[in-house]
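Student: Now for the letters of each chain:
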Amino acid sequence: MEFKRIPPHRTHAQNRVGDKPLTKGLIIGGVVIGTLFILVAPLAIIFIQAFSAGAAVYAQNLKDPATLHAIWLTVLTAIVVVPINIGFGIAAAWAVTRFEFFGKNLLITLIEIPFSVSPIIAGVAYLFVYGAQGLFGPTLEELGIKIMFAVPAIFLASMFVTAPFVARELIPLMQVQGSDDEEAALSLGAPGWRMFLFITLPNVKWALLYGAILCNARVMGEFGAVSVVSGNIRNVTNTLPLHIELLYHDYNAVGAFAAATVLASLAVVTILARAWVERYDEGRAEVKKRMRPGGH
Amino acid sequence: MAGFSLPFRKRRILPGFPLALGVTLVYLGIIVLLPLTALVLKALDIGWDQFLAILTSPRTLSAFRVTFLCALAATCFNAIYGLALAWVLARYEFPGKRVLDALVDVPFALPTAVAGLALAALFAKNGWFGAPLDHLGITVIFTPLGIAAAMAFTSLPFVVRQVQPVLEDIGPEVEEAAFSLGASDFRIFRAVIFPAIFPAFLAGCSLAFSRAIGEFGAIIFIAGNQPNYSEIAALLTFIRLEEYDYPAAAVIATALLLSALLLLTVTNMLQSWHLRYVGRGD
Numbered sequence: 001m002e003f004k005r006i007p008p009h010r011t012h013a014q015n016r017v018g019d020k021p022l023t024k025g026l027i028i029g030g031v032v033i034g035t036l037f038i039l040v041a042p043l044a045i046i047f048i049q050a051f052s053a054g055a056a057v058y059a060q061n062l063k064d065p066a067t068l069h070a071i072w073l074t075v076l077t078a079i080v081v082v083p084i085n086i087g088f089g090i091a092a093a094w095a096v097t098r099f100e101f102f103g104k105n106l107l108i109t110l111i112e113i114p115f116s117v118s119p120i121i122a123g124v125a126y127l128f129v130y131g132a133q134g135l136f137g138p139t140l141e142e143l144g145i146k147i148m149f150a151v152p153a154i155f156l157a158s159m160f161v162t163a164p165f166v167a168r169e170l171i172p173l174m175q176v177q178g179s180d181d182e183e184a185a186l187s188l189g190a191p192g193w194r195m196f197l198f199i200t201l202p203n204v205k206w207a208l209l210y211g212a213i214l215c216n217a218r219v220m221g222e223f224g225a226v227s228v229v230s231g232n233i234r235n236v237t238n239t240l241p242l243h244i245e246l247l248y249h250d251y252n253a254v255g256a257f258a259a260a261t262v263l264a265s266l267a268v269v270t271i272l273a274r275a276w277v278e279r280y281d282e283g284r285a286e287v288k289k290r291m292r293p294g295g296h
Numbered sequence: 297m298a299g300f301s302l303p304f305r306k307r308r309i310l311p312g313f314p315l316a317l318g319v320t321l322v323y324l325g326i327i328v329l330l331p332l333t334a335l336v337l338k339a340l341d342i343g344w345d346q347f348l349a350i351l352t353s354p355r356t357l358s359a360f361r362v363t364f365l366c367a368l369a370a371t372c373f374n375a376i377y378g379l380a381l382a383w384v385l386a387r388y389e390f391p392g393k394r395v396l397d398a399l400v401d402v403p404f405a406l407p408t409a410v411a412g413l414a415l416a417a418l419f420a421k422n423g424w425f426g427a428p429l430d431h432l433g434i435t436v437i438f439t440p441l442g443i444a445a446a447m448a449f450t451s452l453p454f455v456v457r458q459v460q461p462v463l464e465d466i467g468p469e470v471e472e473a474a475f476s477l478g479a480s481d482f483r484i485f486r487a488v489i490f491p492a493i494f495p496a497f498l499a500g501c502s503l504a505f506s507r508a509i510g511e512f513g514a515i516i517f518i519a520g521n522q523p524n525y526s527e528i529a530a531l532l533t534f535i536r537l538e539e540y541d542y543p544a545a546a547v548i549a550t551a552l553l554l555s556a557l558l559l560l561t562v563t564n565m566l567q568s569w570h571l572r573y574v575g576r577g578d
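Protein sequences, first through last, are from chains Z and S.
Each residue of the first sequence is one higher than the one before, starting from 1 at the first, in our numbering.
Each residue of the second sequence is one higher than the one before, starting from 297 at the first, in our numbering.
Calculated directly from the structure, the hints in this document are not laboratory data.
Honestly, I wouldn't trust all of these hints.
[What the hints assert, rightly or not] Restricting the straight-line Cα-Cα distance to at most 16 Å, the calculated cross-link-like pairs of lysine to aspartate or glutamate (EDC-like) are: (1) Z:24 with S:465; (2) Z:24 with S:389; (3) Z:20 with S:538; (4) S:393 with S:464; (5) Z:205 with Z:100.
[To be verified] On the chain S side, residues computed to face chain Z include the following (Cβ under 10 Å): (6) 333; (7) 348; (8) 351; (9) 394; (10) 403; (11) 409; (12) 414; (13) 523; (14) 552.
[Stated by the list, open to error] Beyond 12 Å from chain Z on every Cβ pair, some chain S residues (computed): (15) 313; (16) 320; (17) 334; (18) 432; (19) 434; (20) 439; (21) 561.
All C-beta atoms in this analysis are idealised placements derived from N, C-alpha and C, irrespective of residue type, glycine included.
Just chain S, with the same shape it has in the complex (with noise of 0.2 Å):
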């Protein structure tokens, strides 16, 4: 504890922190952290060489880089159309606009499975968007492209929400300094926009390959999870699990939190910048 520093002891008066304090700790001990011990006391059972043979087998490797390069294409289009949305949203004003705004949200609510029947839908051979790219000679279900279309889809949002905010918070004035001196709309948004956002845009990218890597439900639909060549990392744990292969089953799962931890402490490291970027504007 902090011991009884003056502003420690000024807050005491208000009751209930004994309560809630425990309650608090109780609750994530039992849901969230024996789990998570008991996960990686598993995989750290296994020994350092069977670890590593796990990992470093074929198909687990194939599986990480297809999530890991899936999930970066998803980002990057996340990147490019979240970045565009969050513009419309906090700059402009039109008819429709608030209904715009409520559809950003529609990946975060819509379940997965449900996400990824509707998607193998639409991908599908003779599907809406699957026919005329299969006209093209493009096909995305059943492969790697079916896995970032799901990914994409489901972290959507992260981009939005992250940038958007920002953006409103921009005030016209130094729009008006940077077009008094004669930049074009290009150079002023290169030149002062795009640092202005930049924390908050890397931080929903980051948030959005978070969600991208682990995603499950939607992309079970579409990748046709042919092994070492459209099975993720997530569902390659399944396949362990469902074959009693217990401790490649932790293994894999333990990487993959290892990975999901790096990316929150990355998150957060971006979001702590943005906010000091913030308070020295004030």
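Pulled out of the complex, with its shape left as it was, chain Z reads as follows (with noise of 0.2 Å):
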């Protein structure tokens, strides 16, 4: 092969793909520009159509009792699912990362299909087994016990949706940091119990604190499968993403977008809650740097 020069305009900085800086200008332009019209539109829109009527109309809007029972239904939502989770995701986390058994792999892969599956299977699915047409409905209705267009379906479907998401943010992290902490604390005589809250849980504080927060919005944003399981009934079964069409099909748009402000405020704390633990989590740094590639 021909050996040639570096050419002389590239200096050493510049030595690498895309360096040039009418490249990188048109590139980072581009792309600017671009998330502008696909990322910021579609979240400065809903702010500006709330307030299109001005901001009486929107507290008005927000005031309205339906929306209040709306919103109360979903931070509910939030309150019985999160926790659950939060316990479901340790749970699973210690198992995989602490413990060899046969099938572990098949146990992740499950943890991991409710991310993939479409929600709405997810309330198709709880239909066949608590609706009148399911394997217990029948069982149930004679006891009088109602889960299925009832909050309890709400909670369930919930469940389903976000069961990976502490978990997949433990795992990874349990498996880097690898189990030299616990076992020291157990030789040194520690009670189970106490390595955990000691040991474990400070080690993993950021990434669940995370886990949750993803959760969280989740369950507050989830719009499938709980409308397929809640049945939609106004102040009974409506949480806040199921009102907003609601109000939209009620040709009430303002409203749709007053509502709308609630779960799209809840998506910016979200977002900044994320980037502040990247900032502070040391060990997240530590697991992209060892398991790329990292999860989404």
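Two chains, two frames, some hints: make the complex.
Tutor: Take a look at the structure:
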């Protein structure tokens, strides 16, 4: 192969692909403009539309009893589901990262399943368990227990779609950390619960917090799965995302956008929390370095 | 169980295995496995002929065609734009980069119903995007284009977040070597950089495609939902339920479930391919 000198217009810092000023400017400019259209505009239009009839109308829309009830039900769902998800996530991560057993990889895949199936599938599947046509439907009806088209179904469907959230954050981190600290604590005579409270939990607190934040955002925003199982009864089983659709179909677009600002604000808080956790959590950087490609 | 091999025993000094595994299995069993099993049983219960008849009815076929074609279009868009975004975030320093990095997560953090509402407003005939597009004779709202747009929005972060860390990992040495041999920017990208990110890129595309197929909330606001034209498979499942046609709902949902599991397997294979690829370089 013919040997060529490095072209003289390249300084050392420019010896990488796409580092010529023109190329770099064009690519950054294109992507930033694209992002304004694709990612910023949808966020902006929600707030602009919500306030399009003035702040007074906005406040009135939010104070509507049906909207307030939807907000309450959404918060209640998160209060029930997120702690359960944290408990499951810790248990799953502990089992998967600290022990070897038959079928471990299958179990990890199983945890991931809710993440890849459509939320509609989750809703339909629950109908075939607890609905009138379902496995337990007739028995439940005899006992007078109502799960489908009632609040319990909303909890269950939310648990399905968020099952992987905390576990997915904990597993790679706990794998990278290993169990040396925990074994040391045990060998010094600490009982299991003390080891867990004072070694394991502090080691994973950021990942746990991050998983819980993501889980919360998904629970509060879940639409597909909940819309199948809830029955959409106003003031009874209407969560905030369902209420937004209901207002929209009632031709109350401004009201729909007002309700949507609550969830959009939650999304902004979630994103800020993510940036904050990324900055302070060293364990996360370590996981990223060792476990590439990291999740998403 | 794996028996009492040495590593197993050594690890067993940590407490809590029965409790942790028990909680995990019971929770997954009740929350994930039981409903999915009930769904598949329901679909199988109908009998093979009936199953095929529902699946090959014109409206179902059309819904699956629309879903897959729109998901393909959305994934192609995300492959290009997502790669550009990942490139910018991984390779350049510029003011506002942290904001751009945070914005990539908007589609994940924004509830799908809110995204659908926002996109419907943007692409409405008198909306920010809809009005100029209308001038050009392009209608997005209430057409399959709208479905593709909603799918592209909700699945955008997958390609970025898969490719970005891999791009960050590529050291300058290879590129400098290629430059010193006189290769052009484009040639180095094609022959050196792209092969290195290819598995992660494909895994990102596969995740995005899978998400696009399952998307529901964002789409129904913008699609118009006309049967045989802009009706997606997830919505058809929902409609069959509302018509109390449970067998049809079970069959369509099972078909969606199978395609999701297939894509999950493909993604897992791509990721382990990538990990092997990285491991070889160490």
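Student: Each hint needs a verdict: does it hold in this structure or not?
Tutor: Structure-based check of each hint:
{"no.": "1", "hint": "Z:24 with S:465", "in the structure": "violated (19 Å)"}
{"no.": "2", "hint": "Z:24 with S:389", "in the structure": "holds (10 Å)"}
{"no.": "3", "hint": "Z:20 with S:538", "in the structure": "violated (58 Å)"}
{"no.": "4", "hint": "S:393 with S:464", "in the structure": "holds (14 Å)"}
{"no.": "5", "hint": "Z:205 with Z:100", "in the structure": "violated (24 Å)"}
{"no.": "6", "hint": "333", "in the structure": "holds (8 Å)"}
{"no.": "7", "hint": "348", "in the structure": "violated (19 Å)"}
{"no.": "8", "hint": "351", "in the structure": "violated (15 Å)"}
{"no.": "9", "hint": "394", "in the structure": "holds (7 Å)"}
{"no.": "10", "hint": "403", "in the structure": "holds (7 Å)"}
{"no.": "11", "hint": "409", "in the structure": "holds (4 Å)"}
{"no.": "12", "hint": "414", "in the structure": "holds (4 Å)"}
{"no.": "13", "hint": "523", "in the structure": "violated (17 Å)"}
{"no.": "14", "hint": "552", "in the structure": "holds (6 Å)"}
{"no.": "15", "hint": "313", "in the structure": "violated (5 Å)"}
{"no.": "16", "hint": "320", "in the structure": "violated (4 Å)"}
{"no.": "17", "hint": "334", "in the structure": "violated (4 Å)"}
{"no.": "18", "hint": "432", "in the structure": "holds (15 Å)"}
{"no.": "19", "hint": "434", "in the structure": "holds (15 Å)"}
{"no.": "20", "hint": "439", "in the structure": "holds (18 Å)"}
{"no.": "21", "hint": "561", "in the structure": "violated (9 Å)"}
Taken one by one, the earlier hints fail for this structure at numbers 1, 3, 5, 7, 8, 13, 15, 16, 17, 21, listed in ascending order.
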